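Asker: Chains as they are written, first to last, in my numbering: chain S, 1 to 154; chain Y, 1 to 474.
Careful, some of the hints might be misleading.
In the DSS-like style, the derived pairs of lysine-lysine whose C-alpha atoms are separated by at most 27 Å in a straight line are [to be verified]:
no.	chain 1	residue 1	chain 2	residue 2
1	Y	K115	S	K46
2	Y	K344	Y	K274
3	Y	K115	Y	K208
4	S	K46	Y	K174
5	S	K46	Y	K180
To be clear about the criterion: a stretch of chain Y counts as covered by chain S if any three or more of its residues have a C-beta under 8 Å from a C-beta of chain S, and this derived list gives those stretches [as the list claims (entries may be wrong)]:
no.	segment
6	118–132
7	171–183
8	204–216
Just so you know, these hints were derived from the structure itself, not from any lab.
From a predicted model like this one, the values you see are computed outputs, not experimental measurements.
We treat Cβ as the ideally placed atom computed from N, Cα and C, and that holds for glycine.
One letter stands for each residue in the lines below.
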Amino acid sequence: MMIRAALVSAAISGLFALATLSVPAPAMAQGAAAASTLTINFDGIKTPTGAIMIAVFDSEAAHDKGGKPAHVAMVKVAAATATGVIPGLAPGRYAIKVYQDVNGNGQMDSNPFGMPLEPFAFSNNVVPQGGPASWAEASFDVPAGGGATSISFR
Amino acid sequence: MIDRRELLGRAGLMAAAAALPGPALAAAQPDWFAAVGDVAGDIAPHALSRIHGRAPADLAGTLYRNGPARFRLGGTAVGHWFDGDGLIRAWSLRDGQASLRARFVETVKRRIDSKAGAMVQPGFKTHGRPGAVVGSADDTNAANTSVIAAGGQLLALWEAGSAYALDPETLATKGPVTFKPELAGMPFLAHPRIEPDGRIWNLGMGGKRAFVWRLSKDGKFEAGQAIALPMASYAHDFTATARHLVIVLQPWVQERDVLPFADAMVWRPELGTKILVIDKADLSKRRVFELPPLFFFHLGDAWEEADGTIRFDGCFDTDASFVSNAASALVEGRFVRAEKPMLKLVTLRPDGRAELGDAGITAEFPRNDPALAGLARSRTVHVGGYRTDRPFARSIGIWDWQSGRDDAHDFGAQQIVEEFVPVGRWLIGTTINMAVGATELHVLDARRVADGPVVSWRASMALPHSFHGTWVAA
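Bound conformation, chain S alone:
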């Protein structure tokens, strides 16, 4: 029984092939006054090593159809919790996919049939149902002035 494992792996790890491991410079928003900062609070980290790789999507097409994230970030992990900061977001609707690169090899490890071997999670703490979360389930608003959201690893 394939639990669309390959889709989950590809959805989460493939996009990171497009990103460098270093945190990029803040994105240039349309107007400095419109840029907001999103704080992501992570908890439920089981193994305090490596880094959480964060991909922030700003459209359903990009999120659900394997498009490029609008922003990427990396947060080093040393405890059961961690905090990521995404600066320079225009207010709007976003969805986030993350995985923890436990062994620090820069990719989301999977077994030969594509099942993720490293922890992954979605914004709104969407519970996986045998595949990646959809934009409809995972998207949330970042208002002007910024905001915070929580993502728990299971």
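Once you have looked at the hints, place chain Y on chain S.
Answerer: Same frame as chain S, but now just chain Y:
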């Protein structure tokens, strides 16, 4: 007798039915319903009552068996016989006495369902319900199909995820087995092929790929490799000669990427059946044989003759209606008429031809002498006596391909006969006695099956129909 499900179906109200409380049950439960009943909890060890005969003096050990034993919870039910929680039964024989203990495998699936108070996890043909969590195949692992012994522990086997390790004395669950970190969660069939010296071969099926496992007799990882398959077939079982793996690919193929699993499968008889023969020593060396469309769950051990001819038997239907329809109805207490599985012999000729021969008897749950696994043999232990008006088997037999005869014992209309395991000169297995509402343990003499059991014991309750198991000598 119109049951609620039929009525609502005819009125086109199936969608509404999903919202109604309670699992759909036939208006009156059939006499065989204990075969798909729920066991409330673990069963503490207790002695069985001997109802006739005497235990052979040389027989001491434990018959471990696995099978689904929780189908319903909180007004919901699983959607298929294969989706109940695995219950490990240990039938122990010592000094002429028999005892039983049983314990559920503590799977992630069972924990999630229990916490939700309902059967929420998706499965073979069970839809996920609110509260389901599916981050991996092992989240839905029912660990319910077979149990083998290796390396001082028991392994509860399923097919689409990991084996679960158990303590052989207490039956306590140790957890899913990861043979190597990068292979965590890989599928592992419930029918490994075990060579006479104990080496274990197995497959993990994944659409148009399979993963070939090779373990030592102690269950330690030796080698693993993914191979391509010509068809994305459902395969519950495979077989092997001493030198080859034999993978039968039936035309029930995965065409969609949806849950539950059975909804992704389509019966495509025009594809026929393909049989892949692969060299154990070099998995890139393969031959493909073709047969007419067949559906199977179970195969016997294969063997190779001096001229390279390969033979094996199996229990075959001509379509997938049992797995895709009738096996769901069973959980609801409904019998849907399906074909009777027939024992057939597959012959693969060195010139590439493949032939199918008929024993002319109904058969399922085939077992062979483990000492002859992969070697020339002629006998197959099987249940039988299937009928067109009710489910399950009522007899046990040994079919001999050389003599063309079946040495069989009919337990009668009141008994449901489960798989029997050959142990030296004995056959050991269980039946569900519907007349008294209790599971029975029987030993027969394999040289005289027609004489019936030499000894039988009775438990104090009926356990649901188990699938497969193994004997561990004391």
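Asker: For each hint, tell me whether it holds in the structure or not.
Answerer: Hint check:
1. Y/K115 - S/K46: Measuring from Cα to Cα gives roughly 21 Å; hence the hint holds.
2. Y/K344 - Y/K274: holds, 16 Å
3. Y/K115 - Y/K208: violated, 35 Å
4. S/K46 - Y/K174: holds, 20 Å
5. S/K46 - Y/K180: Cα-Cα ~20 Å, so holds.
6. 118–132: holds (count 4)
7. 171–183: holds (count 3)
8. 204–216: holds (count 5)
Violated hints amount to a single one, hint 3; each of the other numbered hints is respected by the structure.
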